[in-house]
Amino acid sequence: MGQVKNFLGTRWGIVSVGAFIGLFAPLLQKLGNPGNMGVCVACFERDIAGAIGIHRAAVVQYMRPEIIGFVVGALIAAYAFREFRPRAGSAPIVRFVLGVFAMIGALVFLGCPWRAMLRLSAGDGNAILGLLGLVTGIWIGTFFLKGGYNLGRSNKTYTSVGWLMPLIMLGFLVLLLSFPQIKGEPKSGILFYSMKGPGAMHASIAVSLIIGLAIGFLAQRSRFCTMGAFRDLILFRIPYLFYGVLALIAFAFFTNLIVGQFHPGFAKQPVAHTMHLWNFGGMVLAGLAFCLAGGCPGRQLFLAGEGDGDAAIFALGMIVGAGFAHNFGLASSPKGVGPHGIAAVIIGLLVCSFIGLTMRQKA
Amino acid sequence: MAEIVDASGLSCPQPVLMTLNKIRDLNRGEIEVLVDTDTSKENVSRAAESQGWEVAEVSELDTGYRILIKKA
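In the order they appear, the protein sequences are chains Z and E.
Residues 128 to 490 in my numbering are what the first sequence lists, from first letter to last.
Residues 59 to 130 in my numbering are what the second sequence lists, from first letter to last.
Fair warning: there could be bad hints in the mix.
[Stated by the list, open to error] Far from chain E, some chain Z residues (derived; all Cβ distances over 10 Å):
| id | residue |
| --- | --- |
| 1 | F299 |
| 2 | I337 |
| 3 | F369 |
| 4 | G456 |
[Claimed, not checked] Below 30 Å or equal to it, Euclidean Cα-Cα: the simulated DSSO-like pairs (lysine-lysine) are:
| id | chain 1 | residue 1 | chain 2 | residue 2 |
| --- | --- | --- | --- | --- |
| 5 | Z | K273 | E | K128 |
| 6 | Z | K157 | Z | K323 |
| 7 | Z | K283 | E | K128 |
| 8 | E | K99 | Z | K283 |
| 9 | Z | K273 | Z | K283 |
| 10 | Z | K323 | Z | K395 |
| 11 | E | K80 | E | K128 |
| 12 | Z | K283 | E | K80 |
| 13 | Z | K273 | E | K80 |
| 14 | E | K99 | Z | K273 |
| 15 | Z | K157 | Z | K462 |
| 16 | E | K99 | E | K129 |
| 17 | Z | K157 | Z | K314 |
| 18 | Z | K273 | E | K129 |
Quick caveat, the hints were computed from the structure, so don't treat them as lab data.
Just so it is clear, the structure is predicted and the values come from calculations on it, not from any experiment.
Glycine included, each C-beta is placed from N, C-alpha and C at the ideal position.
Please construct the entire structure, taking both the sequences and the accompanying hints into account.
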């Protein structure tokens, strides 16, 4: 165990984890997940919001087992290596609001940083704008960090607090197994299902869950984070996490090439639009929100799995944010940005700036 | 006597930022960093080593870890 622990925390360890995700995400697409969406934390949380009726966008409703696997896999790893540390109380309301706007920004672009990288590795040129936006948002966030921005200290708390998010996820799994999809039906028990669109596309529950658990386990060990990769490079010139995302992009690229999923171009890419400014702008907002919250959406789920109640609040903020995004016409579609998407990005940037400027501790 | 950086309860990147600020202030000597997660322990150790400091001792506390870094 000790050797595994040490290895996954090394440069080659994080490269292996990035490579694992880069290999299995395109394969999940091959096995049924939507185009260039083998894994997308934002999209999948949005689908979960749809499955439980927080929004009623008919094409994006599915209880994604990958998300459940991420949290529970991280929980298993944390217990296996004695790293489960229940903690909470570091500006939860701020984390919730950041989660809401991170989701809105991601849905204006149509993907979280994970999907931006998967889209790039499959030849979607629009992802370049998204990734540039992500890095810009993180770069803005580093100025707030240098200026003393701080979410404040968390406190050690009851074990049960750390277990709540994994229990919510296990509850979602029980719902999925109790109310499985019925062919041709938009609803099964209390769960909503998509009859067409990305929500109707998915690998089998077992495959999705097992790959999700494996990614959750490995990412908890290696601290894989698509936001931290750029933040640590910009702020500290420490490339550890960056090697992980490079490996993800490289392995996803070769996997996509081999399985015939590489289609270079800008137009007619799956679940993508070509409004460059808002592909960029959406991800500036998401990148800034992730940076202020201390982790990409995947990392927040892994932290929630190891007992971090504040990261759990961020993830719940993202799920609720998906409700706002689809109920209020903020989310984009392949036709372009939603009717109020641009306004939401501007408001989000103002709110994030307000948070970044006012939550400062003087040295 | 080691200077103390109390980063307990703070999450990434605060412990690293605080440690690097202290390293910049002191230039050499001993710093004791208090953190509460394994991630912070690893990040602080990695950051200290990147600045040419040595991780002299890591001890487990009730609330997390105490990392002693030094540079002669």
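| Can we confirm that no CB of chain E comes within 10 Å of the CB of G456/Z? | Consistent with the label, G456/Z stays out of reach of chain E, its closest Cβ about 34 Å off (over 10 Å).
| message | Run the distance test for K99/E versus K273/Z: straight-line Cα separation, threshold 30 Å. | response | 21 Å, holds
| query | Keeping to a limit of 30 Å between CA atoms, is the pair of K157/Z and K462/Z held or broken? | reply | 25 Å, holds
| task | Mind checking the alpha carbons of K283/Z and K80/E for me, to see if they're no more than 30 Å apart? | result | 25 Å, holds
| message | Verify this label for me: F369/Z is non-interface relative to chain E, using a Cβ-Cβ cutoff of 10 Å. | response | 13 Å, holds
| field | K99/E paired with K129/E [C-alpha distance capped at 30 Å] | value | Distance ~18 Å between K99/E and K129/E Cα, so the pair holds.
| query | So is I337/Z really clear of chain E, every C-beta pair being over 10 Å apart? | reply | 25 Å, holds
| query | Given the hint that K80/E pairs with K128/E, does the C-alpha gap stay at or below 30 Å? | reply | 12 Å, holds
| said: K99/E and K283/Z were given as a pair; does the straight-line alpha-carbon distance stay at or below 30 Å? | reply: Holds, because 16 Å separates the two Cα atoms, which is no more than 30 Å.
| task | With a cut-off of 30 Å on the C-alpha distance, tell me whether K157/Z and K323/Z pass. | result | Roughly 17 Å between the alpha carbons, so the hint for K157/Z and K323/Z holds.
| Restraint check for K323/Z with K395/Z, where alpha carbons must lie at most 30 Å apart | 18 Å, holds
| task | Compare the distance between the alpha carbons of K273/Z and K283/Z with 30 Å, and conclude whether the hinted pair is satisfied. | result | It holds: about 26 Å lies between the C-alpha atoms, which stays within 30 Å.
Every hint from the earlier list agrees with this structure, and none is contradicted.
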